[in-house]
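S.K.: The whole structure should be built from the sequences, with the hints applied where relevant.
One line per chain: the protein sequences are H and V, in this order. Here the UniProt record's numbering is used: the first residue of the first sequence is 1, the next is one more, and so on. Here the UniProt record's numbering is used: the first residue of the second sequence is 1, the next is one more, and so on.
No lab work stands behind these hints: they were computed from the structure. Glycine residues also receive a C-beta, built at the ideal position from the N, C-alpha and C atoms. Be a bit skeptical, because a hint or two may be false.
Label pairs and their in silico Cβ distance ranges [stated by the list, open to error]:
1. THR132(V) <-> LEU96(H): 32 to 40 Å
2. GLU98(H) <-> PRO61(V): 56 to 64 Å
3. SER152(V) <-> SER47(H): 17 to 25 Å
4. PRO99(V) <-> ILE62(H): 34 to 42 Å
5. THR132(V) <-> HIS40(H): 21 to 29 Å
6. PRO55(V) <-> LEU77(H): 45 to 53 Å
7. GLY252(V) <-> GLN76(H): 37 to 45 Å
8. SER28(H) <-> THR263(V): 26 to 34 Å
9. ALA34(V) <-> SER28(H): 49 to 57 Å
10. SER152(V) <-> GLU98(H): 20 to 28 Å
11. GLY46(V) <-> GLY44(H): 36 to 44 Å
12. GLY270(V) <-> GLN76(H): 35 to 43 Å
Which residues of chain H face chain V? A partial, calculated answer using Cβ under 7 Å [what the hints assert, rightly or not]:
13. ASN27
14. ALA38
15. THR49
16. THR50
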Amino acid sequence: MTTQPTTAEPALTSTVRQQVLVLYLNNSSLDSSVIGWARHDGTGATSPTTGDGDEPPYTTGIAALLDGWRLFQASQLIPPYPDHEYDASFLKHEFLFEKLLNTTTTTSPT
Amino acid sequence: MAARPAREQLLTSARMARFVAHGYLRLNSVVPDALNDQALGVLAAGVPAVPYGTPVAEAFPEGSFARSLLDLPAIAGALSSLVGPDPTIDHHAVHIRQPQEGQAQPLHGDAIIDVRPDAFDVQLMYYPRAVTLEAGGTLIVPGSHLRRTNESDTGRYQNLLGQQRMVCEAGTVLILHHGIWHSGRRNDSGVPRYMFKIRLNPTVPQVRLWNTDDLGDPAVAEELRTRFPWYEQATGRLELHNRIRLWRALTGDPSFDLDHWVTRVTNRPGRNTAHT
Numbered sequence: 001m002t003t004q005p006t007t008a009e010p011a012l013t014s015t016v017r018q019q020v021l022v023l024y025l026n027n028s029s030l031d032s033s034v035i036g037w038a039r040h041d042g043t044g045a046t047s048p049t050t051g052d053g054d055e056p057p058y059t060t061g062i063a064a065l066l067d068g069w070r071l072f073q074a075s076q077l078i079p080p081y082p083d084h085e086y087d088a089s090f091l092k093h094e095f096l097f098e099k100l101l102n103t104t105t106t107t108s109p110t
Numbered sequence: 001m002a003a004r005p006a007r008e009q010l011l012t013s014a015r016m017a018r019f020v021a022h023g024y025l026r027l028n029s030v031v032p033d034a035l036n037d038q039a040l041g042v043l044a045a046g047v048p049a050v051p052y053g054t055p056v057a058e059a060f061p062e063g064s065f066a067r068s069l070l071d072l073p074a075i076a077g078a079l080s081s082l083v084g085p086d087p088t089i090d091h092h093a094v095h096i097r098q099p100q101e102g103q104a105q106p107l108h109g110d111a112i113i114d115v116r117p118d119a120f121d122v123q124l125m126y127y128p129r130a131v132t133l134e135a136g137g138t139l140i141v142p143g144s145h146l147r148r149t150n151e152s153d154t155g156r157y158q159n160l161l162g163q164q165r166m167v168c169e170a171g172t173v174l175i176l177h178h179g180i181w182h183s184g185r186r187n188d189s190g191v192p193r194y195m196f197k198i199r200l201n202p203t204v205p206q207v208r209l210w211n212t213d214d215l216g217d218p219a220v221a222e223e224l225r226t227r228f229p230w231y232e233q234a235t236g237r238l239e240l241h242n243r244i245r246l247w248r249a250l251t252g253d254p255s256f257d258l259d260h261w262v263t264r265v266t267n268r269p270g271r272n273t274a275h276t
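M.R.: Structural data, given as structure tokens:
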């Protein structure tokens with residue numbers, strides 16, 4: 001009995017990459033309107049940056065959920081420090097979402 | 001600088017109130033073409049640095065490009081209204097963003113956190129050539145100047161509703177409150193983008209330096225009530241409170257208020273309620 005040599009084929013490797021969406025909302029409720037946003041793309045397919053668009057990707061935080069984004073962090077509600085009750089500083093209502101994407105890469109046999 | 005500008009060249013109270021609300025003034029195509037053409041060579045060669053706090057007349061001698069820019073009537077009138085006569089040069093810089101440069105600056109305020117309640121610096125930004133959306137004009141966030149944040153700690157914010165991405169004709173000038181959030185955007189065009197920045201420090205109390213003939217005009221309160229789309233509902237009210245306090249300082253009128261915002265929360269009958 002003889003064995004036929006097999007033809008080496010490229011290997012397909014599946015890896016998971018994270019996309020991050022940060023939404024700043026009008027109040028502490030997830031269904032309030034979007035007033036600011038940022039994006040980061042772990043797939044490398046896009047390179048979002050400061051001032052790259054005037055239109056928010058979603059109108060509310062809930063709209064992002066409906067489109068498949070998973071909420072993984074929301075800012076806490078922290079009372080103002082004494083004597084700083086009227087200070088305005090960073091945006092208070094920050095919500096971080098993610099999408100996990102399967103990316104496939106082709107690896108040639110060695 | 002030149003002699004004190006004529007009264008008609010100074011800002012009106014309504015425009016001053018607009019600056020207090022927005023944190024900047026925009027002077028479209030205020031610089032003539034001859035000076036814009038001269039600017040490219042001057043900026044490419046570099047403008048010599050001067051020590052911090054140098055009077056304008058020493059930093060920029062009569063006849064120099066920068067002096068000619070500051071002495072243009074509309075610019076001189078606005079600067080005199082904001083920082084008064086004889087401001088000093090904090091520093092100046094030529095910013096050239098090359099084509100396809102790759103990265104935007106993080107959103108930031110210049111220098112360090114600066115919470116002076118009754119004084120402010122201004123930064124003049126001059127664009128000698130037209131700036132397109134693709135060319136990465138300065139991003140500014142209207143109404144951000146009174147936020148207590150330090151330099152680029154705001155870099156996490158890529159876009160805010162109502163932000164202004166500078167698109168302008170040649171010869172346009174912005175005059176910014178020192179605290180305003182801004183960023184040099186990524187230049188995705190095929191041409192360089194030029195900007196010349198001068199920071200000026202006041203040397204006199206900044207009280208009623210503008211043309212106050214219209215101080216009681218309803219347009220003043222209307223400007224001061226401006227809300228910006230990126231303000232949260234609650235913090236937007238604090239912005240009004242803080243603007244009122246700045247307007248009190250600039251007018252020397254500790255009784256000024258809008259819609260009772262400051263009066264209400266300082267009303268303590270029978271106690272010393274000094275609070276400006």
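S.K.: Look at each hint and say if it fits the structure.
M.R.: Hints and how they fare:
1. The given range of 32 to 40 Å is respected by THR132(V) and LEU96(H), whose C-beta atoms sit roughly 33 Å from each other.
2. The given range of 56 to 64 Å is respected by GLU98(H) and PRO61(V), whose C-beta atoms sit roughly 58 Å from each other.
3. Hint check: SER152(V) to SER47(H), Cβ distance near 19 Å, so the stated range 17 to 25 Å holds.
4. Range check, PRO99(V) to ILE62(H): Cβ separation about 41 Å, and the 34 to 42 Å hint holds.
5. Separation of THR132(V) from HIS40(H) is about 27 Å and conforms to the stated range, judged on CB atoms against 21 to 29 Å.
6. Distance hint check for PRO55(V) and LEU77(H): the Cβ-Cβ separation is about 49 Å, which falls inside the suggested range of 45 to 53 Å.
7. At roughly 41 Å, the beta-carbon separation of GLY252(V) and GLN76(H) lies within the given 37 to 45 Å, and the hint holds.
8. Roughly 28 Å separates the CB atoms of SER28(H) and THR263(V), a value that falls within the hinted 26 to 34 Å.
9. Taking the beta carbon of each, ALA34(V) and SER28(H) are about 55 Å apart, inside 49 to 57 Å as hinted.
10. Distance hint check for SER152(V) and GLU98(H): the Cβ-Cβ separation is about 24 Å, which falls inside the suggested range of 20 to 28 Å.
11. A hinted range of 36 to 44 Å holds for the C-beta pair GLY46(V) and GLY44(H), which are about 37 Å apart.
12. For GLY270(V) and GLN76(H), the hinted distance range of 35 to 43 Å is satisfied, since their beta carbons lie about 38 Å from each other.
13. With its C-beta approaching chain V no nearer than about 6 Å, ASN27(H) sits inside the 7 Å limit, and its interface hint holds.
14. Below 7 Å, beta-carbon pairs count as interface contacts, and ALA38(H) has one with chain V at about 4 Å; its hint therefore holds.
15. For THR49(H), the interface hint holds, the least distance from its beta-carbon to any beta-carbon of chain V being 4 Å, beneath 7 Å.
16. The restraint placing THR50(H) at the interface with chain V holds, with a minimum CB-CB distance near 4 Å, inside the 7 Å limit.
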